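There are 6 protein chains.
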Amino acid sequence: MQSYISVRRHFSAAHRLCNPEWSPEENQRIYGTCSNPNGHGHNYTLEITVCGKIDPETGMILDMKTLKELIDDAVIARVDHKHLNHDVPFLDGIVPTAENLAAAVWKILDPLIQEGALHEVRVYESDRNIAIVRR
Amino acid sequence: MQSYISVRRHFSAAHRLCNPEWSPEENQRIYGTCSNPNGHGHNYTLEITVCGKIDPETGMILDMKTLKELIDDAVIARVDHKHLNHDVPFLDGIVPTAENLAAAVWKILDPLIQEGALHEVRVYESDRNIAIVRR
Amino acid sequence: MQSYISVRRHFSAAHRLCNPEWSPEENQRIYGTCSNPNGHGHNYTLEITVCGKIDPETGMILDMKTLKELIDDAVIARVDHKHLNHDVPFLDGIVPTAENLAAAVWKILDPLIQEGALHEVRVYESDRNIAIVRR
Amino acid sequence: MQSYISVRRHFSAAHRLCNPEWSPEENQRIYGTCSNPNGHGHNYTLEITVCGKIDPETGMILDMKTLKELIDDAVIARVDHKHLNHDVPFLDGIVPTAENLAAAVWKILDPLIQEGALHEVRVYESDRNIAIVRR
Amino acid sequence: MQSYISVRRHFSAAHRLCNPEWSPEENQRIYGTCSNPNGHGHNYTLEITVCGKIDPETGMILDMKTLKELIDDAVIARVDHKHLNHDVPFLDGIVPTAENLAAAVWKILDPLIQEGALHEVRVYESDRNIAIVRR
Amino acid sequence: MQSYISVRRHFSAAHRLCNPEWSPEENQRIYGTCSNPNGHGHNYTLEITVCGKIDPETGMILDMKTLKELIDDAVIARVDHKHLNHDVPFLDGIVPTAENLAAAVWKILDPLIQEGALHEVRVYESDRNIAIVRR
Numbered sequence: 001m002q003s004y005i006s007v008r009r010h011f012s013a014a015h016r017l018c019n020p021e022w023s024p025e026e027n028q029r030i031y032g033t034c035s036n037p038n039g040h041g042h043n044y045t046l047e048i049t050v051c052g053k054i055d056p057e058t059g060m061i062l063d064m065k066t067l068k069e070l071i072d073d074a075v076i077a078r079v080d081h082k083h084l085n086h087d088v089p090f091l092d093g094i095v096p097t098a099e100n101l102a103a104a105v106w107k108i109l110d111p112l113i114q115e116g117a118l119h120e121v122r123v124y125e126s127d128r129n130i131a132i133v134r135r
Numbered sequence: 001m002q003s004y005i006s007v008r009r010h011f012s013a014a015h016r017l018c019n020p021e022w023s024p025e026e027n028q029r030i031y032g033t034c035s036n037p038n039g040h041g042h043n044y045t046l047e048i049t050v051c052g053k054i055d056p057e058t059g060m061i062l063d064m065k066t067l068k069e070l071i072d073d074a075v076i077a078r079v080d081h082k083h084l085n086h087d088v089p090f091l092d093g094i095v096p097t098a099e100n101l102a103a104a105v106w107k108i109l110d111p112l113i114q115e116g117a118l119h120e121v122r123v124y125e126s127d128r129n130i131a132i133v134r135r
Numbered sequence: 001m002q003s004y005i006s007v008r009r010h011f012s013a014a015h016r017l018c019n020p021e022w023s024p025e026e027n028q029r030i031y032g033t034c035s036n037p038n039g040h041g042h043n044y045t046l047e048i049t050v051c052g053k054i055d056p057e058t059g060m061i062l063d064m065k066t067l068k069e070l071i072d073d074a075v076i077a078r079v080d081h082k083h084l085n086h087d088v089p090f091l092d093g094i095v096p097t098a099e100n101l102a103a104a105v106w107k108i109l110d111p112l113i114q115e116g117a118l119h120e121v122r123v124y125e126s127d128r129n130i131a132i133v134r135r
Numbered sequence: 001m002q003s004y005i006s007v008r009r010h011f012s013a014a015h016r017l018c019n020p021e022w023s024p025e026e027n028q029r030i031y032g033t034c035s036n037p038n039g040h041g042h043n044y045t046l047e048i049t050v051c052g053k054i055d056p057e058t059g060m061i062l063d064m065k066t067l068k069e070l071i072d073d074a075v076i077a078r079v080d081h082k083h084l085n086h087d088v089p090f091l092d093g094i095v096p097t098a099e100n101l102a103a104a105v106w107k108i109l110d111p112l113i114q115e116g117a118l119h120e121v122r123v124y125e126s127d128r129n130i131a132i133v134r135r
Numbered sequence: 001m002q003s004y005i006s007v008r009r010h011f012s013a014a015h016r017l018c019n020p021e022w023s024p025e026e027n028q029r030i031y032g033t034c035s036n037p038n039g040h041g042h043n044y045t046l047e048i049t050v051c052g053k054i055d056p057e058t059g060m061i062l063d064m065k066t067l068k069e070l071i072d073d074a075v076i077a078r079v080d081h082k083h084l085n086h087d088v089p090f091l092d093g094i095v096p097t098a099e100n101l102a103a104a105v106w107k108i109l110d111p112l113i114q115e116g117a118l119h120e121v122r123v124y125e126s127d128r129n130i131a132i133v134r135r
Numbered sequence: 001m002q003s004y005i006s007v008r009r010h011f012s013a014a015h016r017l018c019n020p021e022w023s024p025e026e027n028q029r030i031y032g033t034c035s036n037p038n039g040h041g042h043n044y045t046l047e048i049t050v051c052g053k054i055d056p057e058t059g060m061i062l063d064m065k066t067l068k069e070l071i072d073d074a075v076i077a078r079v080d081h082k083h084l085n086h087d088v089p090f091l092d093g094i095v096p097t098a099e100n101l102a103a104a105v106w107k108i109l110d111p112l113i114q115e116g117a118l119h120e121v122r123v124y125e126s127d128r129n130i131a132i133v134r135r
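Sequence order for the protein chains is H, A, G, R, W and E. Counting in the numbering used here, the first sequence runs from 1 upward without gaps. Counting in the numbering used here, the second sequence runs from 1 upward without gaps. Counting in the numbering used here, the third sequence runs from 1 upward without gaps. Counting in the numbering used here, the fourth sequence runs from 1 upward without gaps. Counting in the numbering used here, the fifth sequence runs from 1 upward without gaps. Counting in the numbering used here, the sixth sequence runs from 1 upward without gaps.
Derived from the structure by calculation, the hints contain no laboratory data. Only a predicted model underlies this, so the values are computations on that prediction, with no experimental measurement involved. Don't take each hint at face value.
[As the list claims (entries may be wrong)] DSSO-like, lysine-lysine: derived pairs with alpha carbons at most 27 Å apart:
#1 W:LYS53 to W:LYS65
#2 H:LYS65 to R:LYS68
#3 G:LYS68 to E:LYS107
#4 G:LYS53 to A:LYS53
#5 W:LYS65 to A:LYS65
#6 G:LYS53 to R:LYS53
#7 H:LYS53 to H:LYS68
#8 H:LYS68 to R:LYS65
#9 R:LYS68 to R:LYS107
#10 E:LYS107 to E:LYS68
#11 G:LYS68 to G:LYS107
#12 W:LYS107 to E:LYS53
[Said to hold, decoys possible] Distance windows between CB atoms, simulated:
#13 R:HIS10 to W:LYS65: 45 to 55 Å
#14 R:THR33 to W:GLU115: 46 to 56 Å
#15 H:LYS53 to E:GLU26: 16 to 26 Å
We put the beta carbon where it would ideally sit given N, CA and C, even for glycine.
Isolated chain H (complex conformation) (with noise of 0.2 Å):
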């Protein structure tokens, strides 16, 4: 019998897909609208699962307060209100999918959890669009 905790964050971002070795053209066809020049955006949500024994003293694997703030403090106040290709360090030279949003957040996380072990990080881009990365 294995006990997880999942907690669930929000941030509105813009984002464009592109890959800037390969010509318009070709960014085109592979992303479709995706890669308008100007962008576009979501309100994306994070949903960030620590798998881990539960404390006997405290009820907890973690305290949820706890885990939302190093949430917020490591991801969302990077990537919320602000541009995926042109404000977020973590993303550079990364096309900004969902998939590689999902790889780029379990990167930063997965060091930062110290009680527990983090076992799923989803991306949603919209209620429809979900990238996942599990352990």
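Position chains A, G, R, W and E against the provided structure of chain H, taking the given hints into account.
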């Protein structure tokens, strides 16, 4: 007793709150992070309500599918996967707040609704921020 | 200053949009796939709003639990897990559009609300298609 | 044509429906399980709508961020993670039904809204139980 | 570390739970109101998850738009606005429970996913009833 | 290929995070406002997933209606409209965190699932705070 139908449509767009007649500092003071130069974005929901009589033959005020196509052609196709400050002629010279967007959509749709009459335009920037224009 | 309560109830039903006085071609032309002979279906949500004075002793306009039971007995029990075209006497001779369904529910509930007065009936065929009848 | 903005805020609270002037049996008869002595609780959503003119310079009726801060200071901070029957001075002597809570929030917010005017207070006890106060 | 994408699609359909080899009484005993002869219906949600490697050039496992088109062509077009017991050849001879529907969708999609591999099919009959098939 | 069904049930309850062996200051330090003496509350959602083989005759792993009744009898009736610290014998001596609640529900339901096997218990305290126990 009055009858209405409402339909909801979705689009993803970038925007930036910025009055070009103000200094950067003034924009930052009024709009805060919503004024970040590279913009941010949202999954917008547009909820359009039409008031009218239920046709006794069809049982409809106005065919919801027709209404959706009208909205998609007149509004969604012009804002989806766009940057509201740069790519949308009907917003030229308008700060793209949710309120102004609702008012602009009203102006577009009002003359196009032939059966019944436009009653309300709702713009959801997120499930926490809503602007409404109503007759 | 006016006070209201709203409650929401759910039911699952099949329906088909079809005016029996028209030819199959005419039904297909007006209703499209909604006119497919074997019908389709929805998870409907019914949102009922009652307007009234807050009783200073109970702090309620009308007990929400009582209102739900009234709706369940008078409406939900007659439409849940039913085919609206075949199994629902109060819809006999009526094309079961969302608009007609809202109007039919209004006629049933209006005389039954004793404390306060029925203010609005909303029928959600989905989270994108809504019909409203309001006093 | 009239313009509005709505914002939504969330809080978690315990409450118990109980008129202290009634016997336990009478409270049980009127309020049922909502009258259980130790109380129960909800994730409440507060939806506040303000009516006003869109300022042609800012494109806003009232800054949504300012409105949220005002609601958070005047209401949310006083009810979040509280027991509505014991911890909330503005509800002293009031049975904390959703209706009474909406009316009490109206009384607090109405004099505080300086730009535009308070139009509606909605209290969602759950997504099935809603109380509304409207001008 | 494993990567996935999930997309959600919606369709509206009628169905009836009925094993044609059983008596009407037996069907009623096993399926209850789900066995009503004229059927009922749902707004179904299909959530499809694909597992794979993130392509370092595109930043995608598989283009979500391509995946949606594949699902729409292979599944949604064959079930939307249909009666699952009468109009859907791939369900012939199958009781259209959510479980059987998920398994049937798996069989259709599994050979069609070329980049990555089908990982999970979820069928939401409502937000309370979910069937899942997973590799 | 493995099959599962999930059902969701809702309940409203009060709780307070408090380890009775700690001082009030220690409880405040660890649990913050969640430790307020009079408690607060939530609209909880319980999502129960059962793993099993789809019966070829019924098309079901386990009748979802039967599963819901089992959950309602064994869990929901004991927690709905209750205070989790005072009114729920199966939580005696347990700090009612979401994690502990999920584990306690697992212990109750695991021996009761006869067809298939309990796979996962999810407790949603809100749409932002989730605890999971999985085999």
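Hints, one by one, checked against the model:
1. W:LYS53 to W:LYS65: Holds. LYS53 (chain W) to LYS65 (chain W) sits at ~17 Å (cutoff 27 Å).
2. H:LYS65 to R:LYS68: Given that 27 Å is the threshold and the Cα spacing comes to 21 Å, the pair holds.
3. G:LYS68 to E:LYS107: The given pair, whose Cα atoms are some 34 Å apart, is violated under the 27 Å limit.
4. G:LYS53 to A:LYS53: Given that 27 Å is the threshold and the Cα spacing comes to 30 Å, the pair is violated.
5. W:LYS65 to A:LYS65: holds, 23 Å
6. G:LYS53 to R:LYS53: violated, 30 Å
7. H:LYS53 to H:LYS68: holds, 19 Å
8. H:LYS68 to R:LYS65: holds, 21 Å
9. R:LYS68 to R:LYS107: Between LYS68 (chain R) and LYS107 (chain R) the Cα gap is close to 17 Å, so the pair holds against 27 Å.
10. E:LYS107 to E:LYS68: holds, 17 Å
11. G:LYS68 to G:LYS107: holds, 17 Å
12. W:LYS107 to E:LYS53: holds, 16 Å
13. R:HIS10 to W:LYS65: 45 to 55 Å: Hint violated: Cβ distance 34 Å, outside 45 to 55 Å.
14. R:THR33 to W:GLU115: 46 to 56 Å: holds, 53 Å
15. H:LYS53 to E:GLU26: 16 to 26 Å: Because 21 Å falls inside the window, the suggested range holds.
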